[in-house]
Every structure is written in structure tokens, then in C-alpha cells.
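In order, the protein sequences belong to chains A and B.
By my numbering, the letter at position 7 of the first sequence is numbered 7, and the numbering carries on one by one without gaps.
By my numbering, the letter at position 439 of the second sequence is numbered 439, and the numbering carries on one by one without gaps.
Just to be clear, a hint being listed does not mean it is correct.
[Said to hold, decoys possible] Keeping only pairs whose Cα atoms sit at most 20 angstroms apart, straight-line, the calculated SDA-like set for lysine to any residue is:
1. B/Lys265 <-> A/Arg289
2. B/Lys265 <-> A/Ile9
3. B/Lys265 <-> B/Phe322
4. B/Lys265 <-> A/Trp360
5. B/Lys265 <-> A/Arg363
6. B/Lys422 <-> B/Ala389
7. B/Lys265 <-> A/Leu350
8. B/Lys422 <-> A/Gly301
By construction, these hints were calculated from the structure, which means they are not laboratory data.
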Amino acid sequence: MIVALACLIYLLVTIAVQGVGGFVRTTIALPIDMATASRGPGPSGPAMAGFVDAAAVRAYGPGGARLISDGAWMAVRDTLRADPTLARRRFVIHVPASTAIDMAYKHGGTPAADAMIARLRPHLGSELNTGFLTGADATDPTRAGIAGALEGSLLTMAVTLLLAVPTGVAAAVYLEEFAPRNRWTDLIEVSINNLAAIPSIIFGLLGLALFLGALGLPRSAPLVGGLTLALMTLPMIVIAARGAIRGVAPSVREAAMGIGASPLQVVFHHVMPLALPGVLTGAIIGTARALGETAPLLLIGMRAFIAGSPGSLTRPATALPVQIFLWSDQVDRGFVEKTSAAIIVLLAALLLLNGVAVVWRARVERRA
Amino acid sequence: MAGITLLVLLIGLASIFWQLARARAVQFRRAVRFGSLPAQHGWTVALWAVLPALALLVVWQIAAPALVTDAVLRTPAAADLPPPGFARATLLSQARALATGHGAESVEPLSRRLAPAYAAATRRSHWIATVAVLALAIGAGAAALARVRAGTPARTRVERLVTALLFAASLVAILTTAGILFSLVWESGRFFATVPAQRFLFGTHWSPQSIVDDAPGDVLGALPLFWGTFFIGAVIAMAVAVPLGLLSAIYLSQYAAGSTRRLLKPALEVLAGVPTVVYGYFGALTVAPAVRRLGMALGMADASSESAMAAGLVMGVMILPFVSSIADDSLIAVPVELGEASLALGATTSETVRQVLLPAALPGVAGGVLLAISRAVGETMIVVMVASAVATLSVNPFASATTVTRQIIDLLTGEATFDSPKTLAAFALGLTLFVVTLALNIAALALVRRHRVRGG
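Make a model of the complete structure from these sequences and hints.
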């Protein structure tokens with residue numbers, strides 16, 4: 001028991017300690033003098049990036065361009081856009097520092113790195129990394145964000161919920177209230193119980209063979225991910241909903257029947273409203289499982305590098321747990337804290353979902 | 001998204017029909033005796049308007065891609081296409097990508113010429129589908145509306161219809177099982193047509209990277225994978241999870257005070273709810289290097305940073321809450337009289353647990369352990385991130401090891417085509433995994449059921 005708790009606490013603390021760094025980024029002061037630009041660098045990428053690199057070299061000597069993040073020019077561009085008067089004078093702007101500086105500033109490192117940090121200290125600062133929550137994946141850890149993966153996860157979950165919850169609840173109602181006892185319903189029960197215990201990777205294989213192979217749906221799309229995860233969560237929702245329906249007192253059914261309600265009216269007017277909290281709790285817990293699921297999504301190709309938000313159900317996308325897996329494979333040291341930060345976001349989302357389910361259940365139990 | 005607009009239109013139509021039918025039925029209600037409520041008339045008509053149209057939409061969605069391709073092939077530009085085969089399929093899929101706006105960078109000129117034809121055919125297909133679906137909805141709805149009379153048994157009709165829908169929903173589970181079985185058996189059948197089954201099951205050499213086309217069976221012997229899976233999932237992980245899970249269950253159910261229990265139970269549930277990718281990351285980052293250092297300290301030169309030990313330890317922690325909660329349930333299911341009788345005879349709590357409660361709960365616990373093994377065997381992300389990709393047959397826990405699930409992921413996330421022996425091998429591995437987990441689950445359920453019957 002204590003060991004289990006110790007593991008949990010150790011896991012959470014390790015990830016929290018590393019992940020906090022992911023939300024903060026180190027900035028470096030960069031004097032920009034637009035007057036030195038012979039012809040003002042346009043907002044286009046390469047020219048602006050070259051100009052900003054040159055400014056870094058002027059300020060910090062040769063090698064200065066390696067101190068700032070690859071995405072520093074975007075910060076300069078956005079500042080210029082926000083305040084066009086800056087384009088005519090000299091100003092100092094704090095741009096994101098490169099991964100090496102970021103790591104050395106946060107954790108220390110080799111003596112050489114520490115010496116460099118000591119030299120640069122007056123110019124360095126920290127700020128909340130808003131880009132992490134609003135940006136998409138990138139090859140440079142200082143620019144990588146989780147918004148794209150988060151959106152992919154949301155789209156996938158939307159498909160999963162829309163398909164799995166109505167079907168699962170309908171199946172549960174049929175099995176609990178209408179099904180005759182015969183070989184067919186036995187077969188349905190056996191297959192539901194087995195599906196609930198099958199490894200998730202098998203559902204990935206099914207999605208690959210059925211949705212991508214036979215039906216020819218687009219690879220890496222949230223639609224396919226949602227369909228696959230819907231099949232995976234369906235048995236869980238059916239089992240939870242059946243439990244909730246079974247929990248409704250038989251006297252309620254008999255009373256409704258007694259005043260002349262038809263079987264369908266009994267179910268939809270009297271049993272379902274009472275079973276609803278239990279059904280919804282099951283749906284939430286099923287969603288939480290699906291949200292943390294990675295393996296089936298890997299198999300249907302949601303592991304591509306996507307440097308933008310998907311925006312549609314059929315465009316390639318990635319999901320939050322897959323993003324965590326992809327980042328954990330990166331060699332760049334800057335991705336370690338990004339991975340932990342993404343895990344914090346994922347765990348926070350799961351905790352929220354489970355918390356809602358627990359509070360709901362407690363409230364219903366109190367009323368009952 | 002044309003599909004979503006169409007769905008919204010259909011729902012709008014259905015609600016209009018619902019209102020119309022209800023209004024008509026309200027009229028009869030004033031005049032004569034009636035057999036059904038107005039709303040039931042409404043539902044009958046609305047369902048008649050929506051269901052056939054939805055069925056048509058689904059059929060069209062499945063048939064449309066082939067029809068569109070046919071239309072494109074009849075255009076003059078398609079005469080230059082190579083004969084059916086891989087090159088032709090590539091050209092067509094490039095043209096399709098261009099037409100839908102996901103233009104790739106390097107595109108054959110022929111695809112570029114075909115793209116407008118694709119776009120036109122797709123647009124035409126969309127229009128036909130929209131018109132046909134809406135016409136069917138309006139037609140079927142109007143026909144149903146015309147049949148709304150005082151004597152129409154709308155109540156029985158709508159109830160029969162809804163019951164049929166509920167039944168259809170419960171069929172999805174069977175269809176999923178059938179789909180899994182069919183796709184696994186079908187692809188594995190094609191695999192075993194090229195590689196003999198006994199070669200695959202008992203071969204000891206696994207290295208799909210060095211596959212040769214004329215003798216793929218030489219490097220696809222899966223025995224090392226089965227051993228690695230068994231070693232990590234059933235031996236090391238269980239060595240961690242079973243004792244700890246059992247002890248924590250005994251503590252929770254017998255010794256812990258009510259308040260402690262209320263605090264610790266949710267903590268275990270949190271541990272069970274952590275996604276496996278998080279465990280995998282944790283394992284790769286901290287556990288695997290620590291295990292490697294331990295192996296080095298014990299004097300093993302070949303201690304790997306992708307060892308079976310590390311994967312098994314992390315997996316054991318992952319599975320611990322599951323074992324604990326099943327053991328807890330089995331202990332609680334033991335009739336209270338047994339424990340109380342033992343205590344009344346003067347046995348201490350620990351004697352009662354060891355000599356009375358545990359033996360009584362044993363079948364349930366054993367069933368739980370089987371279920372836990374089935375989970376550990378099917379667990380993917382931990383082994384993908386912690387275990388090794390190289391298949392070795394070794395009983396040294398500090399040596400590298402690989403598992404079935406890890407290899408499925410590795411085989412299917414390359415850029416291989418869908419029909420290569422590599423992808424088919426992944427399906428054969430999947431089939432083996434499916435059969436093994438199914439057998440474990442059935443055995444576990446049988447054990448638990450017998451336990452329950454005997455326990456009263």
C-alpha cells in the first residue's frame with residue numbers, strides 16, 4: 001500500500017518538477033534598431049529571421065544567433081505589428097532564448113554553460129510560455145506547443161462521444177429492459193464482456209483493417225481515431241449504463257406500468273431519468289480512458305508531425321497522449337520538460353473528468 | 001462539411017414533420033376516440049422521414065468513391081493512365097488529394113490534369129446525394145403523414161420501431177467482435193499462406209528489418225517475442241503487482257480504519273487512471289537507467305537500458321491497483337460469519353486472514369491475477385517506450401527483451417505498403433494476442449464464477 005502510494009507520489013513529483021519548467025521560458029534581451037536595416041525587412045519569414053539573427057550577433061558577438069530561439073523573429077514581428085512606431089527607432093525586446101540557454105539557465109549544466117549564463121545574466125529573464133498552450137508541434141522545443149494536439153484530442157473525443165454514448169445507452173436499455181433470454185442475447189452479452197477485456201491495440205488493428213483498409217477513410221484523421229476509440233469505449237459504457245438501469249427500483253417500473261404506461265414509456269419517462277446520473281458517470285469515465293489511450297491511435301497513423309491545427313475531422317491530426325509519446329522520443333534535451341508539461345496538461349484534464357464523475361456520483365448517492 | 005449540413009437539414013425536416021403529424025392528430029382527438037397520443041403520431045412520421053434517408057446516405061457514402069473514380073476514368077484525360085496497378089493508384093490518389101485541396105508538393109502532370117475532373121465528379125456526387133436524400137426524406141415523410149388517421153396504431157408502430165433501433169444498437173457489439181475476428185483471421189490467413197504457421201510460432205529468429213522477399217519465414221520466428229511478453233507481463237510484472245496488491249488489499253479490507261480507507265481507495269483509483277503513456281515516459285526516464293546501473297553494480301556487463309526488468313517493474317506498478325481492487329472485492333465477498341467464527345475461536349486478526357479469509361478468497365484472487373496477466377500481456381505503451389526493439393531469448397532480467405505489442409507497433413508504423421509480409425505479420429501477432437487474452441479472460445471468469453457459487 002505504502003509502496004503503491006510512494007510510486008504515485010514519486011511519479012507525480014518527478015513529472016511536476018520537470019513539467020513546471022515547460023510552462024516557463026527563458027527570454028533574452030535583444031536590442032533591435034530598425035534604422036540599421038537598409039531596407040526595412042518585410043514581414044516575410046527568412047528575411048526577418050536573418051535580420052533578427054544579425055541583431056543578435058551585433059549584441060552578443062559572434063555566435064549570438066545561437067543564443068536566441070529559432071522562433072525569435074516571430075516575437076519581433078508580432079511586436080512590430082502591435083506598435084508600428086517602433087519601426088523607426090531603436091528598442092529592446094525580450095525574445096525566447098535557445099534551448100541550450102534555456103536549459104542552462106533553469107538547471108545549470110557544464111562549467112562552460114554556467115560561465116556563459118553568468119556573463120549573460122543581466123540580459124536574461126523568465127516569462128510564462130504562452131506559446132506552449134497556443135502553438136502546435138515544432139522541431140525546435142522552444143517553439144513547440146500543445147494546442148494542435150489538444151485540438152486533435154478534442155475532435156477525436158467529440159466523435160467518440162457522439163457515437164459511443166447513444167449506441168451504448170441504447171444497447172444497455174435493450175439488454176436490460178427488452179431483451180428476451182435466448183441464444184442471441186447471450187451472444188451479445190458474451191461479446192460485450194469480451195470486448196471490454198480485449199487489449200486496446202487490437203482495436204487499433206481493427207481500425208487499420210476496417211476503416212483505413214476496407215472503407216478507405218483518410219489516414220491520421222480524427223474521424224478514424226474517434227471511430228476506433230468509440231468501438232473501444234462502447235462496452236465500458238454499456239456495462240456502466242446497465243448497472244445504472246439495474247439500480248432503478250422495480251417499484252418505479254411497476255408503478256408506471258400500473259397507471260397504464262407502455263413498456264417504452266416506462267423506460268423513457270421513468271427509468272432513464274433516474275438512471276441518468278449513473279449513465280453519465282460511466283460515459284465520463286469511458287471518455288477519460290479514451291482520452292489517455294495511445295496505442296490504437298499510433299496504429300491508424302495519428303503519429304505524424306503536424307505543425308498546425310487540424311481544423312477538420314478528415315485532416316491529419318495528432319492527439320495529446322500521442323504527442324507525449326512523440327516528444328519523449330526526441331533527443332533534444334529541451335523536449336524533456338515539454339513532455340512533462342504536456343503530461344501535466346493531460347493529467348489535469350483527466351483529473352477534471354474524474355473529479356466531475358466522482359462529485360456527481362456522490363451527489364446522487366446522497367439524494368438516494 | 002457537406003455531410004453535417006445535410007444532417008442538420010434532415011433533423012430540421014424531421015421536426016417539421018413531427019409538428020405537422022402532431023397537429024393533424026390533435027384534430028382527431030377532438031372528434032373521435034383515439035388510440036395513440038398525438039406525439040406518438042409525430043414520432044412515427046418523423047422517424048419515417050429520417051431513417052430511410054439516413055440509410056441512403058450511408059449507402060451513398062460507401063459507394064460514392066468508386067462511382068466518382070469511374071466517372072473520372074471515363075474522361076478523355078484518363079486515357080493516358082497506365083494499366084491498373086500501383087502506378088495508376090498513385091496517380092489517382094494524387095489527383096484526389098489535389099481536388100480536395102490537400103495538394104502535395106511533387107505531383108505528376110497527369111494527376112494535375114485529372115484533378116479538375118475529380119473535383120467536378122465529387123461535386124456532382126455531392127449534389128446527387130443531397131437531392132436524393134432530401135427527396136427521400138420528404139417523400140417518405142409525406143407518405144407517412146398521409147396515413148395519419150384516427151385509427152392508425154401509431155403507438156404500437158413507433159414502439160416497435162424504437163425497440164428495433166435499440167436492438168440494432170446492441171448488435172454493434174457483436175458486429176465489432178465479428179469485425180475483429182474477421183479482419184485478424186483474414187489478414188493472418190494471407191500471412192500464413194506465405195509463412196508456415198509452425199515456423200512463425202516456434203521459429204527463434206526475429207528480425208523483420210532484414211526481411212527477404214523470397215523467404216520471409218526465416219526472419220519471422222516469433223518465439224522470442226512470446227517469451228519476452230510472458231517474461232515481462234506474467235513473471236516480472238506479477239512478481240511486483242501480486243504481493244503488493246494482495247497486501248494492500250488485506251490492509252484496506254481488514255486493518256485500515258474507515259477514514260484511512262476513504263482516503264486510500266481514491267488514491268489507488270487515481271493510480272489506475274493514469275494513462276499508460278505517462279507510465280512509459282516515467283519508466284524510460286527514471287526506472288530504466290536506474291535498473292541498468294543496478295545491473296552494472298551486480299556485475300553484469302550486458303545490462304541493457306531497455307531491460308525486461310525495467311519494463312516489468314513499471315508494468316507491475318501500473319497493474320497494482322487493478323490486482324488490489326480485485327483482491328479487495330474477493331476478500332469482502334467472503335461471508336462475514338467465517339471471519340467472525342475464527343475470531344471467536346480466539347485467532348488473531350493475522351491468523352484469521354492467513355488461515356481463513358485468504359483460502360476462501362483464493363479462487364477469486366487467482367481469477368483476478370489471470371485478468372491482470374491478460375492486461376499486462378496486451379499493454380502496449382509501456383513496452384514501446386521502455387522495452388527493446390531487438391528480440392532476444394534470454395532469462396536474464398537485465399538483458400533487453402521485446403514483446404508482441406511492441407513489435408506490432410514497430411511493424412505497422414513504418415512506411416510499408418499494406419500487403420507486405422511485415423504488415424501481415426503484425427496481424428498474425430495480433431491474432432495470437434487476441435486468442436491468448438481471450439483464453440485468459442474466459443479462464444478468469446470461470447474461476448471467479450465458481451468462487452461466487454461456492455461462496456453463496
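Do the hints match the structure? See the list:
1. B/Lys265 <-> A/Arg289: Holds, at roughly 19 angstroms.
2. B/Lys265 <-> A/Ile9: 15 angstroms, holds
3. B/Lys265 <-> B/Phe322: Judged against 20 angstroms, a Cα distance of about 12 angstroms means the pair holds.
4. B/Lys265 <-> A/Trp360: Satisfied, since the Cα-Cα distance of roughly 18 angstroms is no more than 20 angstroms.
5. B/Lys265 <-> A/Arg363: 18 angstroms, holds
6. B/Lys422 <-> B/Ala389: 15 angstroms, holds
7. B/Lys265 <-> A/Leu350: 17 angstroms, holds
8. B/Lys422 <-> A/Gly301: 16 angstroms, holds
Hint check: no violations occur; every hint is consistent with the structure.
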